[in-house]
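Residue numbers (our numbering), protein chains in the order written: chain A, 1 to 254; chain B, 1 to 254.
To give an idea of the chain B side of the interface with chain A (calculated C-beta under 7 Å), a few residues: (1) S158; (2) Y174; (3) G177; (4) F229; (5) I246.
No wet-lab data here; the hints were simulated from the structure. Think of the CB as a built atom: it goes at the ideal place given N, C-alpha and C, for glycine as much as any other residue.
2 protein chains.
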Amino acid sequence: MLNVVIIGSGNVAQHLISTFQNAANVTLVQAYARQEEKLLHLLPADKITNSFAGIKEADIYIISVTDDAIAGVSAQLPFENRLVVHTSGSVSLEQLDPKNRRGVFYPLQTFSKNKAVHFTTVPLCLESESESDYPLLEQLAKEVSHSVYSISSEQRKSLHVAAVFVSNFANHMYTLGNDICTENNIPFEILKPLIQETANKIESLPPLQAQTGPAVRNDRQTIAKHLDFLTDGNKKAIYTLLTQSIQNSNGQKL
Amino acid sequence: MLNVVIIGSGNVAQHLISTFQNAANVTLVQAYARQEEKLLHLLPADKITNSFAGIKEADIYIISVTDDAIAGVSAQLPFENRLVVHTSGSVSLEQLDPKNRRGVFYPLQTFSKNKAVHFTTVPLCLESESESDYPLLEQLAKEVSHSVYSISSEQRKSLHVAAVFVSNFANHMYTLGNDICTENNIPFEILKPLIQETANKIESLPPLQAQTGPAVRNDRQTIAKHLDFLTDGNKKAIYTLLTQSIQNSNGQKL
Chain A
1 MLNVVIIGSG NVAQHLISTF QNAANVTLVQ AYARQEEKLL HLLPADKITN SFAGIKEADI
61 YIISVTDDAI AGVSAQLPFE NRLVVHTSGS VSLEQLDPKN RRGVFYPLQT FSKNKAVHFT
121 TVPLCLESES ESDYPLLEQL AKEVSHSVYS ISSEQRKSLH VAAVFVSNFA NHMYTLGNDI
181 CTENNIPFEI LKPLIQETAN KIESLPPLQA QTGPAVRNDR QTIAKHLDFL TDGNKKAIYT
241 LLTQSIQNSN GQKL
Chain B
1 MLNVVIIGSG NVAQHLISTF QNAANVTLVQ AYARQEEKLL HLLPADKITN SFAGIKEADI
61 YIISVTDDAI AGVSAQLPFE NRLVVHTSGS VSLEQLDPKN RRGVFYPLQT FSKNKAVHFT
121 TVPLCLESES ESDYPLLEQL AKEVSHSVYS ISSEQRKSLH VAAVFVSNFA NHMYTLGNDI
181 CTENNIPFEI LKPLIQETAN KIESLPPLQA QTGPAVRNDR QTIAKHLDFL TDGNKKAIYT
241 LLTQSIQNSN GQKL
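Make a model of the complete structure from these sequences and hints.
Below, the structure is given as structure tokens:
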């Protein structure tokens with residue numbers, strides 16, 4: 001049985017609390033929250049503490065707070081030489097206070113407050129400062145996810161940039177498409193099956209091969225018509241830059 | 001029973017042929033293909049013709065050929081005053097020869113040769129020159145899809161631009177994410193659940209509200225780190241422009 005303490009009460013912390021409570025071989029010993037009431041819908045009061053001094057003994061401590069707060073929280077922990085990990089994609093392992101054995105337990109997914117996530121499919125990116133701590137971290141990860149990876153701080157940095165492209169920027173493309181629909185009295189609903197199918201395609205094809213549209217066909221007439229249609233300078237600039245980039249990507253590889 | 005002739009043998013034409021063959025109240029009378037052998041895996045030889053003169057009588061003729069060929073094909077049809085539609089997102093109704101009653105039957109989806117599509121979920125965007133032809137077109141559409149819309153040529157033009165953003169450009173974001181993974185020895189697999197969840201989110205949230213990441217949080221430190229990480233000028237330019245655009249979108253609405 002693995003004993004775990006979660007430190008934090010935000011989005012990711014709450015998803016982790018629910019997940020560990022339902023895991024077969026994990027005991028969620030306790031959660032720390034500055035405001036205990038934030039976790040009362042998930043845990044009984046005696047499993048929540050708002051004082052660092054009150055934190056109980058466990059095999060693994062998971063700090064899941066905002067990026068800026070990780071270093072400070074880890075420095076305030078009143079114990080040493082225990083396994084302490086954070087859950088951030090963009091903070092290096094070295095930000096954790098070296099008085100404890102350090103590691104990272106980064107779930108690569110976009111979490112929303114009111115939307116359940118099937119944690120078994122969430123990729124967990126693990127790192128431990130000491131090789132001897134890795135098996136324990138891996139054991140915990142495999143209790144809750146089918147998808148566990150060893151990722152160094154350096155790799156995690158690049159992974160986080162890649163995630164911005166495939167998630168934040170892709171979602172912004174949906175926003176711009178939504179804007180165009182709204183401006184032209186078209187229900188955005190019409191585009192949803194296309195969005196789903198575009199995301200589904202990369203399960204069976206590399207994205208470079210899945211590319212369709214006027215840019216990759218070098219259909220200059222359609223590209224010119226579209227640029228003419230886009231009167232908004234920002235959308236025009238994005239259309240131009242991404243059309244060029246699609247043509248570069250495919251030129252390089254063909 | 002609706003009698004339909006398909007003119008064309010490409011990707012969309014083949015998906016339509018399969019779909020209409022399985023529809024309860026539709027008879028696929030015939031298909032026209034310049035090279036008949038392209039359709040022999042779908043239809044018996046006596047249902048395929050390669051001569052315009054050999055095209056049989058039907059209620060609706062669907063021209064599904066490349067955009068550039070639509071006008072020419074419609075001019076070569078050896079009959080008049082019948083209902084003739086095309087399937088293109090970016091060609092106006094007026095490109096069809098006016099000797100026939102004109103319309104559009106545009107399936108808004110990305111079709112790949114070797115990937116089946118559940119046609120019942122494909123949005124069909126319909127337009128007819130004469131109001132009296134619309135019910136017939138709608139009847140046909142509803143035989144094969146749950147999602148049928150009346151869309152003018154002007155609206156279709158804007159819809160096509162919106163589709164480029166949400167599909168072609170979103171897919172290119174996947175390509176750039178894939179590149180970053182490859183360059184840093186990370187399996188692209190790790191990002192696939194995130195891609196799926198990002199696409200799934202907009203089923204329950206407008207994309208503007210679903211936006212996450214350093215741009216919308218205005219997390220300048222992370223943005224600076226990411227720009228520093230991106231040595232490739234093209235990716236850097238895209239990162240900068242899209243970060244700015246996300247901040248504009250959210251600034252306008254907040």
